[in-house]
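Each chain, written out:
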Amino acid sequence: MQTLIIGFLIGCGFGAILYMGGATSYRRILGTLLLKDMTIIKLMCTAIGVGTLGIYLLDLGGLANMSIKPAYVGGVAVGGVVFGIGWAISGYCPGTCVVGAAEGKSDAIFTILGGLTGVFLFALAFPYLETAILEPLNFGKITLRDLTGISGIYLAIPFSAMLLALAFFVLKDRYE
Amino acid sequence: MQEQKAIISWKVAGVALGLLLTLATFLVTPLGVSTQFVVTDAIVAHQVAPEATENNAYLNKYGEKDDWGVGYGWMLVFGMFAGGLVTSRLLSKKQPDLDKGSMPKMWEGVFGGSRQKRLAAAFFGGVLLLFGARLAGGCTSGHMISGISQLAVSSFIFGIFTFGSAIAMAHFLYRKRG
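Quick mapping for you: the protein sequence lines, in order, are chains A and B. At position 75 of the first sequence the residue is numbered 75 (our numbering), and the sequence of numbers has no breaks. At position 21 of the second sequence the residue is numbered 21 (our numbering), and the sequence of numbers has no breaks.
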């Protein structure tokens, strides 16, 4: 029960940040993908920069409940390509369409309905996809730490610094 | 396109999201959304056709199979809806006009003002989004934000292919038409 309440409260914060930060806005998402409006990419770089540092600081004390996704290269790459096309067409991702729906945007509601349909199709196709694309080239739940053998925090600090520098100093909006 | 600022700056939103991710990782587990579309499908399908659902290898694996009910992750997504609902009611006056509604000016300029067309595109985009996310094992929140923050190799791969394809598709949709 307690975990359910924590989940709900964290979700509330997540939804509020996405709404207030403008991540449910079509023009911002497409502006990002057209490489003109850098707001969303700067937001993401900052979030990942802070998150990387936070998670690996927790990890130093053994307090991070990490959840690493397995690297089955084929499925991840093809899935990423399909996802990217859907992202550019709808202007939403699976999280922002939920928040957009809460705002009352009908296109966001249709993206959710499409998403539920997409999952249903995936569930039907799963037995065929599993052997064709999900099982081959699976390197398991690996991180850069496993790949390089360098201790997590020593990777996290420069990576985080790089992303924050990118967001604060390098990326600039470009308009015609 | 650039003149109307969001309610909070990307700096505030980015730092807040990074801290929220850290908190979630400390308390339970990192953020993720797309799995909950599977859970929702599984719960609904289980109501309609229990046997077929239990026999489906995918729904059975990722739906909360013991009770076919909601868990932490689903409550998180439900919370996102609630958080969006409350803030959008309280702050709608501060939201830039260009960010409102479901007929974006940018879209209308190229594809026309047909409501059906926009909703059809949103639906079709949604199908691809979640099919792709389930193929890859996550979406923007689970893979890109949470996954890259954990320095997961698969999430870097997802990030590269997703942005590559989305950028290419956006440029194709908004290409100069002669």
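Rather than coming from a laboratory, the hints here were simulated on the basis of the structure. It should be emphasised that the depicted structure is a prediction, and the values quoted were computed from it without experimental measurement. Heads up, the beta-carbon is just placed ideally off N, CA and C, and yes, glycines get one too. Certain hints may be false.
Okay, the calculated bits of chain A under chain B, using three or more residues with CB under 8 Å as the criterion [unchecked claim]:
1) 12–21
2) 30–42
3) 69–82
4) 86–94
5) 106–112
6) 124–132
Think about it this way: if two alpha-carbon atoms lie no more than 20 Å apart in a straight line, the pair counts; the simulated SDA-like pairs of lysine to any residue are [unchecked claim]:
7) Lys141(A) to Val73(A)
8) Lys11(B) to Gly13(A)
9) Lys61(B) to Glu130(A)
10) Lys36(A) to Pro96(B)
11) Lys172(A) to Lys61(B)
12) Lys36(A) to Lys61(B)
13) Lys5(B) to Leu35(A)
14) Lys61(B) to Leu129(A)
15) Lys36(A) to Lys11(B)
16) Lys36(A) to Phe78(B)
17) Lys100(B) to Ile109(A)
Query raised in the report: Hints broken by the structure, by number, lowest first?
Result: Hint check: 11, 12 and 16 fail, others pass.
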